[in-house]
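Join these two chains into a complex; the hints should help.
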Amino acid sequence: SQQGEEDPQALSIQEGENATMNCSYKTSINNLQWYRQNSGRGLVHLILIRSNEREKHSGRLRVTLDTSKKSSSLLITASRAADTASYFCASYTGGFKTIFGAGTRLFVKA
Amino acid sequence: DGGITQSPKYLFRKEGQNVTLSCEQNLNHDAMYWYRQDPGQGLRLIYYSQIVNDFQKGDIAEGYSVSREKKESFPLTVTSAQKNPTAFYLCASGASENREKLFFGSGTQLSVL
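Sequences listed follow chains Z and V, in order. In our numbering, each number is its position in the first sequence, counted from 1, plus 21. In our numbering, each number is its position in the second sequence, counted from 1, plus 983.
Mixed in with the good hints there might be a few duds.
To be verified - Lysine to aspartate or glutamate pairs mimicking EDC-like chemistry, simulated, CA-CA at most 16 Å apart:
no., chain 1, residue 1, chain 2, residue 2
1, Z, K91, Z, D28
2, Z, K130, Z, E38
3, Z, K118, V, E1083
4, Z, K47, Z, E26
5, Z, K118, V, D1013
6, Z, K118, V, D1042
7, V, K1053, V, D1013
8, Z, K90, Z, D28
9, V, K1066, V, D1021
10, Z, K118, V, E1080
11, V, K992, V, E1007
12, V, K1084, V, D1013
Simulated from the structure, these hints should not be mistaken for lab results. Please read all numbers here as calculations on a predicted model, not as lab measurements.
Chain V extracted, bound-state conformation (with noise of 0.2 Å):
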């Protein structure tokens, strides 16, 4: 899916874990994303980052965090205060000159045990 790449395909979190789901892309692409999505919705924003070292909350930020420490990474963790995880995550980048077209990444999906 275009030069993103995540990992786990799939993931299985205990109750009271943090679990860190890996984004990495080769676009050379300013600006990232984390979306959730949840079966039958749209796509939702958790965080967005468009530099290194700086991120922004989205529509439903509460009981995840990201880092933005290079450039070409971005990961998300799903905290423990995160009660209701189990969703289909979506991380996407999108060029500083073009912001409107985005390139997805092919998805984790996150399960609780």
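If we strip away everything but chain Z, and leave its shape as in the complex, we get (with noise of 0.2 Å):
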């Protein structure tokens, strides 16, 4: 079943500009997940938010996670042409079990 849903499903912006997405999921988390993958490859790990945690920075990267309305944001700042990919959040509910998103595709224009 899956449990995170992003939003927007694409977003298109110039080369400089923030870019925001989000993420909303159903049940209690133990973290809560942002993972980059490109065209045709793996994906990569960005970031972990714990749910005791409301925010967290990593060079450009912002994440925010609201616990109570069972949504976080992941904001990439001042962005470059090399940023363009999927994002997927990803929620970790314990033992074995991480749940993605749909995805958020996101395009760069330089």
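Have a look at this one:
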């Protein structure tokens, strides 16, 4: 069963602009992660935020988590053409269970 | 893509044929996973293995089989019972002490002839 839902499904911005994508999930989580996937490739882990954290930064990435709303957002600041990819949220509920959303396709125009 | 190698990159299956997708990792991870990705959808778990000689069904195991005879290897067989096998298949691994973070291979695109 798919737990994560992402919004928007696709996003097109100019280089230098910020990109924000959102994720919602349905049940309690241990943590939430964001992954990136370039076309035709595997996923690469970007950042993890634990259920007791509200915000986390890593370079140009900023992730927020609102457990009361069961939602998270990923902000990429000062985007570059190389950021063009699909971005997936993944909710970890414990054990060996990680549930992925459908992803947001980001296109950054140079 | 990390220390995980998937082969082949592209695979074609004929009607009624079983095909096997290879996944090898050199990260010394205990846990390995197979996911299926369809266009516009998230990843769905097919099978996972916590340790050698043990594996568990995921959400969409029907029509698939796996083995885990070595720690480094977790091959996936797509059997003729899988009626809609066309998809992008991703193998992943994770450390026992840090199960939450997954490392992915570069994927195999399976198509039906």
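Here is what the structure says about each hint:
| no. | hint | in the structure |
| --- | --- | --- |
| 1 | Z:K91 x Z:D28 | holds, 14 Å |
| 2 | Z:K130 x Z:E38 | holds, 10 Å |
| 3 | Z:K118 x V:E1083 | holds, 8 Å |
| 4 | Z:K47 x Z:E26 | holds, 9 Å |
| 5 | Z:K118 x V:D1013 | holds, 15 Å |
| 6 | Z:K118 x V:D1042 | holds, 10 Å |
| 7 | V:K1053 x V:D1013 | holds, 10 Å |
| 8 | Z:K90 x Z:D28 | holds, 15 Å |
| 9 | V:K1066 x V:D1021 | holds, 14 Å |
| 10 | Z:K118 x V:E1080 | holds, 15 Å |
| 11 | V:K992 x V:E1007 | holds, 13 Å |
| 12 | V:K1084 x V:D1013 | holds, 13 Å |
Going through the hint list in order, the structure satisfies each hint without exception.
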